[in-house]
Every structure is written in structure tokens, then in C-alpha cells.
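Visitor: Given next are the chains, with one letter for each unit.
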Amino acid sequence: GIQVEQSPPDLILQEGANSTLRCNFSDSVNNLQWFHQNPWGQLINLFYIPSGTKQNGRLSATTVATERYSSLYISSSQTTDSGVYFCAVGSPQGGSEKLVFGKGTKLTVNP
Amino acid sequence: SQTIHQWPATLVQPVGSPLSLECTVEGTSNPNLYWYRQAAGRGLQLLFYSVGIGQISSEVPQNLSASRPQDRQFILSSKKLLLSDSGFYLCAWSRVRLASYNEQFFGPGTRLTVL
Chain D
2 GIQVEQSPPD LILQEGANST LRCNFSDSVN NLQWFHQNPW GQLINLFYIP SGTKQNGRLS
62 ATTVATERYS SLYISSSQTT DSGVYFCAVG SPQGGSEKLV FGKGTKLTVN P
Chain E
15 SQTIHQWPAT LVQPVGSPLS LECTVEGTSN PNLYWYRQAA GRGLQLLFYS VGIGQISSEV
75 PQNLSASRPQ DRQFILSSKK LLLSDSGFYL CAWSRVRLAS YNEQFFGPGT RLTVL
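In order, the protein sequence lines correspond to chains D and E. Residue 2 is where the first sequence starts when you use our numbering, and the numbers rise one by one after that. Residue 15 is where the second sequence starts when you use our numbering, and the numbers rise one by one after that.
Here chain D stands alone, though its shape is the one from the complex:
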């Protein structure tokens, strides 16, 4: 099945700093989502982005399907951005509805 790797596994920032999280996948995808898991465990949808670029406030995401990666960019980070960020993909072979998750990037933003 498709493999998903996220980097870095852990990231510590000072408030106000910018960061880029990376998601690499091993096969073509027709579904890609970025999530933020808050301290209570809730998965918050950030982007549905199987291709292209999207922006939402301080967050933006880009997926280059031909190069098999997606990036999540966080600008001017805030303490509330802390948590684990997951990339999840679905493929035509495996079924776009069957999301395969990476292991996540744990982000800590210090005041």
C-alpha cells in the first residue's frame, strides 16, 4: 500500500516564527488532507488538497502530485498552533476514501 512520511517528527518554535511541514507519499494520490490534532484529541480539518495551493489565514498548503509531496506552511506561529499535524492520503489504487495517515509532526510553539 501507499506509504506516507512526515517530517520533521518534532518541531519547537518561538512565537512569531514561520515553519514548513513536509509530507511525502509513495504513489499517486487523489485525496490528501492536512489535519491539526488539538490537545484534546480532536482532529481539525485544515486543508483538502490533492493538488495545487490553498491558503487560509496564516496557513497555506501546496501539493505537487507529480513529485509526490505536500507542504504545510505556518506563518507567524502562535501558541495555539501547538499540537500534532497529520497528513493523510487516499490513492486510486487503494481507494480515495481509505485515508492512510503519516505519523505526524508534533509542533510546540513557546511564548
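Hints listed in this document are in silico derivations from the structure and should not be mistaken for laboratory results. Hints are supplied without guarantee of correctness; some may be wrong.
Partial selection, computed: residues in chain E whose CB lies under 8 Å from chain D [what the hints assert, rightly or not]:
| no. | residue |
| --- | --- |
| 1 | W21 |
| 2 | N46 |
| 3 | R56 |
| 4 | G57 |
| 5 | L60 |
| 6 | L61 |
| 7 | S108 |
| 8 | N116 |
The C-beta atom is built at its ideal place from N, Cα and C for all residues, glycine as well.
Starting from the known structure of chain D, arrange chain E on it as the hints suggest.
Guide: Structure of chain E alone, referenced to chain D:
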């Protein structure tokens, strides 16, 4: 708007006891429904998914089963819990596939501890 509920929020159960976790979705009809488990180490794993009443697909062999008795209700069960069943269980839904759009939305989760 659509809402997804899970209960209970937390559960502590002895080894060998039965399990029933419930998930319901409001504000949509004929959704795809999913059960995921998140064990220590952060990754989520798809356990079951359903495209309709009574239609269940299992993704991994395990001690658990799923049922969909109603259109917007998804139940995760076990007859006898194992220690390895401990984890955070999340239910998710998505609209029936339309032009390959299949964004999934997750419920608040149930934290299960088996002692």
C-alpha cells in the same frame, strides 16, 4: 451543517469485557462512515468503513467488529477486550463520492483503556 457525535468520551474496561462504541452523524444522508484507531505513537489506522446500511469493510484483522444498523449510525464492538485494544477511537464521515471529492470529517473520539 453536519455534526458527528461519539460516546462515551472515555471508557475504562477490564480485559475480557465487551465493548460498544457509538457514532452518529447529523445533517447529512447516506454518508460514508469510518472507524479509526490511534494507538501510542500518534499514527491513525483505518479499522472499518461503510458505504451503506449493513455494508461493512474491514481493513485489518482484529478483535473488533463494526455494524451500521441505521443510515447515520456506526457502532464498534468487541465480545472480549484485549489489552492491545486500548487506544483512541475516532469515527469519521464523508459524503458519498462525487467527482472524486472525499473529504473526511472526524468526531471527538473515545479514549479506551483496557486494564
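Visitor: Is the shortest C-beta separation between N116(E) and chain D less than 8 Å?
Guide: Status holds, d = 5 Å.
Visitor: A closest beta-carbon separation below 8 Å is what the hint needs, so does N46(E) meet it against chain D?
Guide: For N46(E), the interface hint holds, since the closest Cβ of chain D sits about 6 Å away, which is under 8 Å.
Visitor: For the hint on S108(E), does the least C-beta distance to chain D fall short of 8 Å?
Guide: With Cβ-Cβ at 6 Å, under 8 Å, it holds.
Visitor: Under 8 Å, Cβ to Cβ, is where L61(E) needs to be relative to chain D, so tell me if that hint holds or is violated.
Guide: Violated, because the Cβ-Cβ distance from L61(E) to chain D comes to roughly 11 Å (cut-off 8 Å).
Visitor: Just to be careful: measuring from the Cβ of R56(E) to every Cβ in chain D, is the smallest value less than 8 Å?
Guide: 5 Å, holds
Visitor: So, W21(E) near chain D? Judge it on the closest CB pair being under 8 Å.
Guide: 14 Å, violated
Visitor: Against chain D, run the beta carbon of G57(E) and see if the smallest gap drops under 8 Å.
Guide: 5 Å, holds
Visitor: Under 8 Å, Cβ to Cβ, is where L60(E) needs to be relative to chain D, so tell me if that hint holds or is violated.
Guide: Given a least distance of 6 Å, the restraint on L60(E) holds.
Consistency with the previously given hints fails for numbers 1, 6, ordered from lowest to highest.
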